[in-house]
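Residue strings, one per chain:
Number of protein chains: 2
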Amino acid sequence: MNNFEFKNPTKIIFGKDTIDKIATEIPENAKVLLLYGGGSIKKNGIYDQTKTALAKFETIEFGGIPANPEYSILMDALKVINDENITYLLAVGGGSVIDGTKFLSAAAVYEGDTPWDILTQNIKTEKGMPFGTVLTLPATGSEMNSGAVITRKETQEKLAMGGPGLFPEFSVLDPQVIASIPERQLVNGITDAFTHVLEQYMTYPIGALLQDRFAESILQTLIEVAPKVLKDPTDYNATANFMWSCTMALNGLIQKGVPTDWAVHAMGHELTAMFGIDHARTLAVIAPSHYKFNFKAKKEKLAQYATRVWNITEGSVDDKAYAAIEKTESFFQELGIDTKLSDYTKDYDGTAEKIAKRFTDRGWLGLGEHQNLSPDKVEEIVKMAY
Amino acid sequence: MNNFEFKNPTKIIFGKDTIDKIATEIPENAKVLLLYGGGSIKKNGIYDQTKTALAKFETIEFGGIPANPEYSILMDALKVINDENITYLLAVGGGSVIDGTKFLSAAAVYEGDTPWDILTQNIKTEKGMPFGTVLTLPATGSEMNSGAVITRKETQEKLAMGGPGLFPEFSVLDPQVIASIPERQLVNGITDAFTHVLEQYMTYPIGALLQDRFAESILQTLIEVAPKVLKDPTDYNATANFMWSCTMALNGLIQKGVPTDWAVHAMGHELTAMFGIDHARTLAVIAPSHYKFNFKAKKEKLAQYATRVWNITEGSVDDKAYAAIEKTESFFQELGIDTKLSDYTKDYDGTAEKIAKRFTDRGWLGLGEHQNLSPDKVEEIVKMAY
Numbered sequence: 001m002n003n004f005e006f007k008n009p010t011k012i013i014f015g016k017d018t019i020d021k022i023a024t025e026i027p028e029n030a031k032v033l034l035l036y037g038g039g040s041i042k043k044n045g046i047y048d049q050t051k052t053a054l055a056k057f058e059t060i061e062f063g064g065i066p067a068n069p070e071y072s073i074l075m076d077a078l079k080v081i082n083d084e085n086i087t088y089l090l091a092v093g094g095g096s097v098i099d100g101t102k103f104l105s106a107a108a109v110y111e112g113d114t115p116w117d118i119l120t121q122n123i124k125t126e127k128g129m130p131f132g133t134v135l136t137l138p139a140t141g142s143e144m145n146s147g148a149v150i151t152r153k154e155t156q157e158k159l160a161m162g163g164p165g166l167f168p169e170f171s172v173l174d175p176q177v178i179a180s181i182p183e184r185q186l187v188n189g190i191t192d193a194f195t196h197v198l199e200q201y202m203t204y205p206i207g208a209l210l211q212d213r214f215a216e217s218i219l220q221t222l223i224e225v226a227p228k229v230l231k232d233p234t235d236y237n238a239t240a241n242f243m244w245s246c247t248m249a250l251n252g253l254i255q256k257g258v259p260t261d262w263a264v265h266a267m268g269h270e271l272t273a274m275f276g277i278d279h280a281r282t283l284a285v286i287a288p289s290h291y292k293f294n295f296k297a298k299k300e301k302l303a304q305y306a307t308r309v310w311n312i313t314e315g316s317v318d319d320k321a322y323a324a325i326e327k328t329e330s331f332f333q334e335l336g337i338d339t340k341l342s343d344y345t346k347d348y349d350g351t352a353e354k355i356a357k358r359f360t361d362r363g364w365l366g367l368g369e370h371q372n373l374s375p376d377k378v379e380e381i382v383k384m385a386y
Numbered sequence: 387m388n389n390f391e392f393k394n395p396t397k398i399i400f401g402k403d404t405i406d407k408i409a410t411e412i413p414e415n416a417k418v419l420l421l422y423g424g425g426s427i428k429k430n431g432i433y434d435q436t437k438t439a440l441a442k443f444e445t446i447e448f449g450g451i452p453a454n455p456e457y458s459i460l461m462d463a464l465k466v467i468n469d470e471n472i473t474y475l476l477a478v479g480g481g482s483v484i485d486g487t488k489f490l491s492a493a494a495v496y497e498g499d500t501p502w503d504i505l506t507q508n509i510k511t512e513k514g515m516p517f518g519t520v521l522t523l524p525a526t527g528s529e530m531n532s533g534a535v536i537t538r539k540e541t542q543e544k545l546a547m548g549g550p551g552l553f554p555e556f557s558v559l560d561p562q563v564i565a566s567i568p569e570r571q572l573v574n575g576i577t578d579a580f581t582h583v584l585e586q587y588m589t590y591p592i593g594a595l596l597q598d599r600f601a602e603s604i605l606q607t608l609i610e611v612a613p614k615v616l617k618d619p620t621d622y623n624a625t626a627n628f629m630w631s632c633t634m635a636l637n638g639l640i641q642k643g644v645p646t647d648w649a650v651h652a653m654g655h656e657l658t659a660m661f662g663i664d665h666a667r668t669l670a671v672i673a674p675s676h677y678k679f680n681f682k683a684k685k686e687k688l689a690q691y692a693t694r695v696w697n698i699t700e701g702s703v704d705d706k707a708y709a710a711i712e713k714t715e716s717f718f719q720e721l722g723i724d725t726k727l728s729d730y731t732k733d734y735d736g737t738a739e740k741i742a743k744r745f746t747d748r749g750w751l752g753l754g755e756h757q758n759l760s761p762d763k764v765e766e767i768v769k770m771a772y
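These protein sequences, in sequence, are chains E and Y.
The first sequence begins at 1 in my numbering and counts up one residue at a time.
The second sequence begins at 387 in my numbering and counts up one residue at a time.
What the hints contain is simulated information worked out from the structure, not anything from laboratory work.
Ideal Cβ positions, reconstructed from N, Cα and C, are used throughout, including at glycine.
Be aware that one or more of the hints could be misleading.
Sample of chain E residues with no beta-carbon within 10 Å of chain Y, all distances over it, derived [what the hints assert, rightly or not]:
no., residue
1, F6
2, P9
3, G15
4, K51
5, G207
6, E216
7, E224
8, S245
9, G257
10, S316
Coverage of chain E stretches by chain Y, computed from C-beta distances (three or more under 8 Å per stretch; other residues unrestricted) [said to hold, decoys possible]:
no., region
11, 217 to 223
12, 297 to 304
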């Protein structure tokens, strides 16, 4: 087991009818900017519940934060924060709205030339503007971590940021919000959370027995509840387990003391930036090829995953490991997720070369848990995913 | 799943040679009271490492905090805190030293008549004197939670306290400290952590799939590493998994959204108060009788535990549930822990009646997850444990 540090101060408020609790979490004299996305919260009642809870606060609204939160739109929000002397941010949405709010939390206190530096120069935020969240879409885990990913259309870039000052002060998780989520976004959420676990688990054995078992617990739970959530998103117990699994998948706990990969995300982000494919679907496209390409380095963990998560007990290590990749791809497909790039675009020619070049240009010369996945290997993996 | 709130702000610093990191965690101008137990830290090098790390701070020492931290001794430490204008507490020890330090953190800021009120009136501490810990004995989880148990010999009482202001600011967990722990204390630690999980898990199914699997993960890990730790306490990987399992067993995570029992601890505490039996051993004495007495209410969970943790797949629910109790008792015995009260004292006659009367006097009329374990039932369970 590797040395590690772990601190996660976010307060989780989980359960039925908990949105009204934000009233006691936000400081009394706060001037609040309420941030949200495309407006679905106005149809499903979450907007009204939030506004009622915010009654005693001076509140300004900023809607329209898109999936893959866009830099130029966030810069408009930053102007509102500055012009209106906002002191507290409240994100009501999924990972995109929360990630966008984290960027704003950092940008609001950033003293450099342009907030874009935070992304390109990888500037860690030690203390941002305080914010809370009301989660409307379980998937990214952003509600209980300090990281964010921001997109800039102008340059077709998608870059990560973070820092210890970017944990939400609180996050309200009411599983009842899931009832109104379109199926497309539900399957995205399941796939996203599942892949988050794989990125922190599917590496090589390092004797972190508890972390491995926790990771497997989340995978087992997602597999168990996924069909129930899709069949009936008002099934409270299934949705509650789904929601809590998504949060635990990326709140930092399971990555402590172990090597992590994240190459699937690095490649996937480029597919979103280039083709606008849903984030989760890009992960399902890349992951099977990535595991096949890196089979030798990952086969012990793949075999352990096969046995413990998929109950595959027959065959050699190689047999089990290969069967586990097949099971994973089938799982995504059964959710209705296509797992080849050509299922999403006919325009895929040259994509692998382009991604490899971007990684080379950025100096990303060794991705993955061994930091040896060079751009030429990335090119091969992406080609395998066509 | 039940509604819940979860917040745990303790920073964990885990791994080899991490004690020197306390230097950057304690505020620069702090006046530190270094608290420890019977002095074993002076033999195993932990005292020297701590003193070196504290070089830049004005530090006063208070040693001699005993197992089951004693109120009268802690009152001596409180006098030092007040007389010397201490601003920061550093606990270097196991659960007893850390629990004692939590009491002091609360008492140092308490404005009522006598700090004993904190225990008898169940006063929650919202903000105590800040403190950190260096864990020398994995067992209680006190290094990452906000609870403590304090003993008062004068009245033969052992009472719990806590509050959101009593999380350690940081805890250093260096598994290398385990090499010098006597076997008796190692087996106590394993038994304590194992029982902590059972108290939060062995109730009734409530559909909290992820919490169940996390609890089972800790139990599986403890079972796997226990013999390795006892055989060779310098086996870094085994001790690291043991240490992290103990912390995760009682840092609040696995109890969120589920019913909890804690009746085993309530009864066990009385055996420690009356006979001075090691805390963990009292749990091993009470647990099997408790589960047999409450068999009907707990058998579904017992059977799940049988299958997932002990790989017992044959037989009816009742068969599996009963076998799981046997397996648990055998596990304790294989660690070298006696599981009957008569193994510890010949003076046990009347113990059950005495404990039942104490619970009645305190108004503890319904313990356990159903709050229906009345003093007459407690009396029967303790008798079964003779």
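Each hint, compared with the structure:
no. : hint       : verdict
1   : F6         : 4 Å, violated
2   : P9         : 4 Å, violated
3   : G15        : 3 Å, violated
4   : K51        : 22 Å, holds
5   : G207       : 4 Å, violated
6   : E216       : 8 Å, violated
7   : E224       : 6 Å, violated
8   : S245       : 5 Å, violated
9   : G257       : 7 Å, violated
10  : S316       : 23 Å, holds
11  : 217 to 223 : holds (count 4)
12  : 297 to 304 : violated (count 0)
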